[in-house]
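Enquirer: Spelled out from the first residue to the last, the chains are:
4 protein chains.
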Amino acid sequence: MAKGIVIYYSRSGNTKQMAEIIAGAMNDAGLTTDLKPVEDVAANELVSYDAIVVGSPTYYGQPAPQIIQLFTDSVSRHGRLEGKIGGAFSSSVNIGGGNETVIMSIIEAMLIHGMIVQGDLQGDHYGPVSIGKPDERVISQCKRRGKRIAELTKKLYI
Amino acid sequence: MAKGIVIYYSRSGNTKQMAEIIAGAMNDAGLTTDLKPVEDVAANELVSYDAIVVGSPTYYGQPAPQIIQLFTDSVSRHGRLEGKIGGAFSSSVNIGGGNETVIMSIIEAMLIHGMIVQGDLQGDHYGPVSIGKPDERVISQCKRRGKRIAELTKKLYI
Amino acid sequence: MAKGIVIYYSRSGNTKQMAEIIAGAMNDAGLTTDLKPVEDVAANELVSYDAIVVGSPTYYGQPAPQIIQLFTDSVSRHGRLEGKIGGAFSSSVNIGGGNETVIMSIIEAMLIHGMIVQGDLQGDHYGPVSIGKPDERVISQCKRRGKRIAELTKKLYI
Amino acid sequence: MAKGIVIYYSRSGNTKQMAEIIAGAMNDAGLTTDLKPVEDVAANELVSYDAIVVGSPTYYGQPAPQIIQLFTDSVSRHGRLEGKIGGAFSSSVNIGGGNETVIMSIIEAMLIHGMIVQGDLQGDHYGPVSIGKPDERVISQCKRRGKRIAELTKKLYI
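The listed protein sequences derive, respectively, from chains A, B, C and D.
Following our numbering, the numbering of the first sequence begins with 1 at its first residue and continues without gaps.
Following our numbering, the numbering of the second sequence begins with 1 at its first residue and continues without gaps.
Following our numbering, the numbering of the third sequence begins with 1 at its first residue and continues without gaps.
Following our numbering, the numbering of the fourth sequence begins with 1 at its first residue and continues without gaps.
The set of hints was computed from the structure by calculation and includes no laboratory data.
Some hints here could point you the wrong way.
27 Å max Cα-Cα, derived DSSO-like pairs, lysine-lysine [claimed, not checked]:
#1 LYS3/D x LYS155/D
#2 LYS155/B x LYS155/A
#3 LYS3/D x LYS143/D
#4 LYS143/D x LYS154/D
#5 LYS154/A x LYS154/B
#6 LYS3/C x LYS36/D
#7 LYS133/A x LYS16/A
#8 LYS147/A x LYS133/A
#9 LYS155/A x LYS133/B
#10 LYS3/A x LYS155/B
#11 LYS155/C x LYS3/D
#12 LYS154/C x LYS147/D
#13 LYS36/B x LYS155/A
#14 LYS154/A x LYS143/A
#15 LYS147/D x LYS36/D
#16 LYS155/D x LYS147/C
#17 LYS154/A x LYS147/B
#18 LYS36/C x LYS155/C
#19 LYS154/A x LYS155/B
#20 LYS154/C x LYS3/D
#21 LYS147/C x LYS154/D
#22 LYS133/A x LYS147/C
#23 LYS154/A x LYS3/B
Residues of chain B clear of chain A, computed beta-carbon distances all greater than 12 Å [to be verified]:
#24 SER10
#25 PRO37
#26 ALA42
#27 ALA43
#28 SER48
#29 GLU82
#30 HIS113
#31 ASP120
Where is the CB? At the ideal position from N, CA and C, for every residue including glycine.
Sequences are here, hints too, so could you generate the full structure?
Expert: Given below as structure tokens:
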């Protein structure tokens, strides 16, 4: 059976809320999906998931150090994330504050693992972005993204 | 039947040679693949392919204007490239000369179309990169990438 | 005497409005600044300015082809933009719609010319971003950016 | 008196060697420059330098977690790096292995601090890149970059 995980780092709770909505939507779409703060994820766990979605606040246009550390540690599993489905999301204080560069950084790391990433032709194309607390637009983008990731994962892994 | 296309812009012939090798490898891997210079591709043609691979020289860290124009024109088909497989490659004069940013630009455009992109865990992770004329390393990267793109396309579209 | 130019491509008028505000703020800050649509700018003109600011709508996460074409043409002046001050801005329909990647593309092209770019510690860090028609936040970001670019230019060129 | 620092993370020694050459060239060009591994740098020290150059190996296309941590910690000094000169460099195992995205990540973080970054019209445009152990090309790029950064810093800070 295919399985997903949504991993996040959050201090204000905004990224965590996005993570909950995305994981909820993945489960609703029929992909059993775990939800974990990055502090509770060891790199070797990643291999047991078919879809890995990662979210972070925007710190100087980059993912949080904890997220970067997870990817750095994942080198011990290099080759074993090959072909898995990836996704990314971010929150920040400002529009134009670096959200997209956070998301692209996560996508780059996933591509280097040989993972598969799909964009979205509507709204937040690279991945859901929240400016401050998730509003209705963000909630809808997170639901939509979770559903899309689940569907692609099921197509490839069931 | 699934079908692919490799689209390139080339003046020196380096990007063209990469395109030929990638298209060859896609055909060899069982995905019927066309090869066309960007000047011969109309945006509306893109919808008839399941895999779209785009290559460009590196002009100020960006794809050639002809490549950017094709993506701009493709807005008339927005929504109809959804779920297709994408890939990118580039050539440049120097190491560190902007190849990766060219490839990421093409990948970004594909993600905005809702397309699917897979990285490679070996070598040129985001997409094949040639410094000057393709050498053995580049030829091998292009072959490998073409095969991988064909395989993912066949998995999703056959 | 130091001189600046703001170059833009605009169809809806949003990017044009941003360009007008930025150019106005540069003039107000004491740097004589021209304002031109990209269609009216030849690459060889660029050498006569000390500050070059470029804005574009967001087309598939990339600058408009006309902007990319200007940078491609500017190769004929490679070396002669060395040390000039650069800046970038963008407009798009959606938050997370690719604005930041447009701005970073323009900045990359400027860096490859050996140009100098300064970020902003407040608001739209890489460059002003408008979602749809410029609102008060955007107008204030554009004024602030124009002033900052003019001040850096005057520091280096007067 | 103006002062610079070159900060690096290195395990294999390649990034360290680049750091030494860049710092040496900055000193040779008349800018007193310190050289420190990131482990020995506290965020609050950054404010005492006029030029800050940061180098990292390429871990999944991103800077090392230690580098990201330094930028994250530097939020406590947000506003106080405004107008300082920045620069970035990276090493990696492969061509196309993510060097440029590492450098652009560091540049993005610097821009968000309101720092000033200049590209180079020759060679490794965004910042020096080494594929494996620094060869003659890399050594020459590092020397050239150090000199350029020192010169810009002296122009603005002396």
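Enquirer: Tell me, which hint numbers fail for this structure?
Expert: 6, 9, 13, 22, 29, 30 and 31
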